[in-house]
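**Q** With these hints in hand, go ahead and build the complete structure from the sequences.
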Amino acid sequence: MTSPSPRASGTTSPRASGTTFPGFADPVLDAQASFRAVLQAMSRPGQVQRVPDLPELPPGLSPAAAAVLLTLVDAETRLCLRAGPEAAAWVRFHCGAPLVTAGAAQFVLDREAALPALDPGTEEEPERGATLILEVASLTEGRGWRLTGPGIRDEHRLHVGGAPPGFLADWTANRARTPCGVDVILCAGDAIAALPRSVAIEEG
Amino acid sequence: MSGYNFAYLDESTKRMIRRAILKAVAIPGHQVPFGSREMPLPYGWGTGGIQVTAAVLGPADVLKVIDQGSDDTTNAVSIRAFFRRTAGVATTESTEAATIIQTRHRIPERPLREDQILVYQVPIPEPLGRLEPRIAETRRMHAMADYGLMHVKLYEDIARHGHIATSYSYPVMVNSRYLMSPSPIPAFDNPKMDQMPALQLFGAGREKRIYAVPPYTSVKSLDFDDHPFRPIRAPHACELCGSRDTYLDEVLTDDVGGRIFVCSDTDFCSERQAVKEAAE
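Same order as they appear, the protein sequences are chains A and B. The letter at position 181 of the first sequence is residue 181 when you use UniProt numbering, and the numbering goes up by one with no holes. The letter at position 263 of the second sequence is residue 263 when you use UniProt numbering, and the numbering goes up by one with no holes.
Hints are computed from structural coordinates only; laboratory data are not their basis. Note that the Cβ used here is the ideal one computed from N, Cα and C, for glycine as well. Please note that a few of the clues may not be correct.
[As the list claims (entries may be wrong)] Computed, partial: chain A to chain B, Cβ under 8 Å:
#1 A25
#2 L29
#3 Q32
#4 F35
#5 V38
#6 E76
#7 L99
#8 T148
#9 I152
#10 P179
#11 S198
**A** Shown next, in the form of structure tokens:
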């Protein structure tokens, strides 16, 4: 790994630096498989899906978060990234997304970005609401939070290990803004689960 | 097919469509604008549905395409051939065997499953368009959930005809929030959209809109307490399979007034015919 300027990468990137970490082995079919996992996750909130394997990754990114970035983020999307310099270099090379602050981003991968600070879209254009890619410790179905809403027949249980403190309160406020709001893709290892803004969460 | 990317569209277009689809799923019934591309067939032939299918489709999928319920019309045959050639996917005429079903103006009679995706071709995504031609205004109406105008339209139907005379493209409320055009499916099919286990995606190519209904989501046809929604169906039995609970097409058989009614869903009809023959 040759990283000439290992400075702390936040939302700004002084110079493009190289990366030796690869992207998808098959950029077309892996992106498709990864998208289908995200689509399944988004249309069935709380259901855990697996993304295609990424053998080698820059430190600071889980395989799931990396796959979501490769699948959805490109030069046309504003990204807020806080995952270390090597991850930033990798994203710059493989996605080419302009890096911006959390409030201006369409996609946010930053543990410290709070839900209320992200772009919720407008009443006329709620689709402009940001997507938060949130790295957590574990995702387990069958226990934990009780999810209800579109995509869920009765209720769905999802246990999220290592959710940021205050997430549920933030989520309640986020959901109250419907149809505006932020959608969340939870990532743990190679597993993802999604929380579209329409889903209601109760402590299990 | 060499010279083309998998499923025809380039990867950056697919990413753009995929982002639109995800937002559409997250906001059930809301129309998300997208950069509709020129496709190798004209607008009105299903370019919206094809672009959605192309963004979703993978090599393991089995694709079924229907046009007014039929697997063997020109449009359906051409779109199946298009994806066989550009994506190399398996195609089928069986609703049961399909993982993705692209449809023009019908929902299959056989109930769909959780592992299936239904992709609608949509000519006019804006349900309020005939009542309010200004897009800026209809957008505002959706933002405010101000749908009184549509109720007035249905009321005028009742005042004029004694019943709601809308037999296709019958407007629905999705998740009690957005008024949505179900595309020109017969009103008979509307109840199938409610709480459907399959994901429903809608693509309008010319109008550049994508919208969606997630699985297990409430979809209610607009109506009044004293004039409840009633799905309409020709009061006949299918000439071929004898079905009395499916949607029927009227087919002229000669030039002296001969006509028969047959199932519009050809796959469902031939399945029933096979069952009937086996029983005889």
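**Q** Output the indices of the hints that this structure fails to meet, ascending.
**A** 1, 7 and 8
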